[in-house]
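Order-wise, the sequence lines are chains L and C. One gets our numbering by counting positions in the first sequence from 1 and adding 1488 to each. FYI, our numbering numbers position 71 of the second sequence as 60, with every residue one higher than the one before it.
Hints listed in this document are in silico derivations from the structure and should not be mistaken for laboratory results. Some clues are possibly wrong.
As the list claims (entries may be wrong) - Taking lysine to any residue pairs in the SDA-like style, the calculated list, with each CA pair at most 25 Å apart, reads: (1) C:K90 with L:S1531; (2) L:K1502 with C:Q31; (3) L:K1552 with L:D1515; (4) L:K1508 with L:Q1548; (5) L:K1529 with C:A100.
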Amino acid sequence: GAVVSQHPSWVICKSGTSVKIECRSLDFQATTMFWYRQFPKQSLMLMATSNEGSKATYEQGVEKDKFLINHASLTLSTLTVTSAHPEDSSFYICSAAPIDGSSYNEQFFGPGTRLTVL
Amino acid sequence: AQSVTQLGSHVSVSEGALVLLRCNYSSSVPPYLFWYVQYPNQGLQLLLKYTSAATLVKGINGFEAEFKKSETSFHLTKPSAHMSDAAEYFCAVSERGATNKLIFGTGTLLAVQP
Chain L
1489 GAVVSQHPSW VICKSGTSVK IECRSLDFQA TTMFWYRQFP KQSLMLMATS NEGSKATYEQ
1549 GVEKDKFLIN HASLTLSTLT VTSAHPEDSS FYICSAAPID GSSYNEQFFG PGTRLTVL
Chain C
-10 AQSVTQLGSH VSVSEGALVL LRCNYSSSVP PYLFWYVQYP NQGLQLLLKY TSAATLVKGI
50 NGFEAEFKKS ETSFHLTKPS AHMSDAAEYF CAVSERGATN KLIFGTGTLL AVQP
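Throw the hints in and build the complete structure from the sequences for me.
See the structure below:
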């Protein structure tokens, strides 16, 4: 149980284009989903927290107009990188927190999406 | 504010040797603490978590961690390393009653030598 999927697992795009990454909780409903960015050999940096049906909360320094987050249902959140540039190349990981409230703040992580912007 | 410090960005052990990965936390309230493992180009997998039920927590793959409030530590151990344990390990802290947000340490890369 508690499986989170991400699609695509990797994507290559041209500079200036937009890329959408999907995060789904497959066997549970998620109150909250999180988006992280990870640079090579570094830790995870929280980009934003999204709650179903409301606007995402972005961490300081993260451009909300560049990284659009939509949390349309209790099992799906999407991250759209708009007008991508080479510096946006990174490993993007999502996670989901179950709705049942007994998870002790536990998050279940997706497998990540490798974005390369040429 | 909460924070996590992982001492040692790289740890190398021989196969069969004890694994000890260090994690110290800072929190103004009793925290929840987690250890995650990440294999190359993959997401994070939960190894174990501390939620105050017991100070010695046993996780998957033979790992365990002990919560020591006096030392503000939550070190991860495994009695005998296996080649398959080679991966990146992250310690994380979360504040009780908060919005599930996790604060991660910088990670420790574990290498296991044959």
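Checklist entry - What are the numbers of the hints the structure violates, in ascending order? => result 3
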